[in-house]
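Mapped onto this note's numbering, the consecutive letters of the sequence shown carry residue numbers 6 to 192.
Since the hints were made in silico from the structure, they are not lab data. As the structure is a prediction and not an experimental result, all values here were calculated from the model. All C-beta atoms in this analysis are idealised placements derived from N, C-alpha and C, irrespective of residue type, glycine included. One thing to keep in mind: the hints can contain errors.
Stated by the list, open to error - Once the Cα atoms are required to be at most 20 angstroms apart in a straight line, the calculated SDA-like pairs of lysine to any residue come out as:
id : residue 1 : residue 2
1  : Lys128    : Thr186
2  : Lys128    : Asn92
3  : Lys128    : Leu62
4  : Lys128    : Leu187
5  : Lys128    : Ile173
6  : Lys128    : Val49
7  : Lys128    : Ser77
To be verified - Computed spacing ranges between beta-carbons, pair by pair:
id : residue 1 : residue 2 : range
8  : Thr177    : Leu79     : 23 to 29 angstroms
9  : Asn175    : Thr116    : 18 to 24 angstroms
10 : Asn92     : Val49     : 31 to 37 angstroms
11 : Ser77     : Thr50     : 18 to 24 angstroms
12 : Asn175    : Glu78     : 19 to 25 angstroms
13 : Glu167    : Thr116    : 21 to 27 angstroms
14 : Gly68     : Asn92     : 54 to 60 angstroms
15 : Ala33     : Arg58     : 33 to 39 angstroms
16 : Glu78     : Thr177    : 17 to 23 angstroms
17 : Leu74     : Thr177    : 16 to 22 angstroms
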Amino acid sequence: MITTTVKKVFGSAILGSAMAVASMSGYAADNGDVGATSQGEIGVTLEIPALIRIHSLEDVDLGTFDATLSASELAQFCVWGNVAAYNITITSANATNPADETTPPRLQRGTSGEYIPYDVHFKSGAVAALNTDPVSTAGALPGSTAGGTIATDCTNASLLMEVDSADIENSTVGTYVDVLTLLVNPV
Numbered sequence: 006m007i008t009t010t011v012k013k014v015f016g017s018a019i020l021g022s023a024m025a026v027a028s029m030s031g032y033a034a035d036n037g038d039v040g041a042t043s044q045g046e047i048g049v050t051l052e053i054p055a056l057i058r059i060h061s062l063e064d065v066d067l068g069t070f071d072a073t074l075s076a077s078e079l080a081q082f083c084v085w086g087n088v089a090a091y092n093i094t095i096t097s098a099n100a101t102n103p104a105d106e107t108t109p110p111r112l113q114r115g116t117s118g119e120y121i122p123y124d125v126h127f128k129s130g131a132v133a134a135l136n137t138d139p140v141s142t143a144g145a146l147p148g149s150t151a152g153g154t155i156a157t158d159c160t161n162a163s164l165l166m167e168v169d170s171a172d173i174e175n176s177t178v179g180t181y182v183d184v185l186t187l188l189v190n191p192v
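Turn these sequences into a full structure, and let the hints steer you where they fit.
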């Protein structure tokens with residue numbers, strides 16, 4: 006008796022849920038008439054949202070300062086999307102105002118409050134050269150995706166990080182670090 010009641014309640018809940026989903030789809034199913042044959046129609050939909058993925062990111066080591074050259078390093082990575090274009094916003098954890106993507110990135114020595122500013126330049130695969138304006142003055146930058154199938158080994162985007170030797174030479178001995186957050190949005 007209990008089993009039968011549970012089955013009836015459970016079955017009614019499933020049927021009710023299925024009917025609710027069918028009515029929400031926006032397509033009216035057309036039921037067939039009774040006869041030697043019967044034909045009906047149902048609508049079938051699939052929605053594909055704009056998708057994007059940033060990957061193949063690796064940490065960047067600017068090396069050890071030797072008092073003669075500025076420190077710089079190029080980091081290549083992949084941005085895939087089922088759209089042709091995207092915007093990228095790059096923010097520094099140590100920026101004077103991390104919520105504002107137009108404040109310059111800074112390397113910090115431990116928790117000391119000592120900082121060294123640096124520039125970050127972005128290049129999309131569709132752009133011939135690195136953006137001459139540092140990310141800190143440009144805000145969100147445009148880029149283009151590989152599109153199509155998800156690429157796992159592409160290098161269609163680059164960041165160049167540069168620290169001016171004048172900003173390094175009077176700094177306290179130690180290791181300076183930052184974390185850049187790269188946010189890509191399909192457009």
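Hint check results:
1. Lys128 x Thr186: holds, 16 angstroms
2. Lys128 x Asn92: holds, 12 angstroms
3. Lys128 x Leu62: Cα-Cα ~14 angstroms, so holds.
4. Lys128 x Leu187: holds, 13 angstroms
5. Lys128 x Ile173: violated, 25 angstroms
6. Lys128 x Val49: Violated: Lys128 and Val49 sit about 41 angstroms apart, past 20 angstroms.
7. Lys128 x Ser77: Holds, at about 15 angstroms.
8. Thr177 x Leu79: 23 to 29 angstroms: holds, 27 angstroms
9. Asn175 x Thr116: 18 to 24 angstroms: holds, 20 angstroms
10. Asn92 x Val49: 31 to 37 angstroms: holds, 34 angstroms
11. Ser77 x Thr50: 18 to 24 angstroms: violated, 50 angstroms
12. Asn175 x Glu78: 19 to 25 angstroms: Hint holds: Cβ distance 22 angstroms, inside 19 to 25 angstroms.
13. Glu167 x Thr116: 21 to 27 angstroms: With a Cβ separation near 25 angstroms, Glu167 and Thr116 satisfy 21 to 27 angstroms, so the hint holds.
14. Gly68 x Asn92: 54 to 60 angstroms: Cβ of Gly68 to Cβ of Asn92: about 31 angstroms, so the range 54 to 60 angstroms is violated.
15. Ala33 x Arg58: 33 to 39 angstroms: Holds, at about 37 angstroms.
16. Glu78 x Thr177: 17 to 23 angstroms: holds, 22 angstroms
17. Leu74 x Thr177: 16 to 22 angstroms: Holds, since Leu74 and Thr177 (Cβ atoms, about 20 angstroms apart) stay within the stated range.
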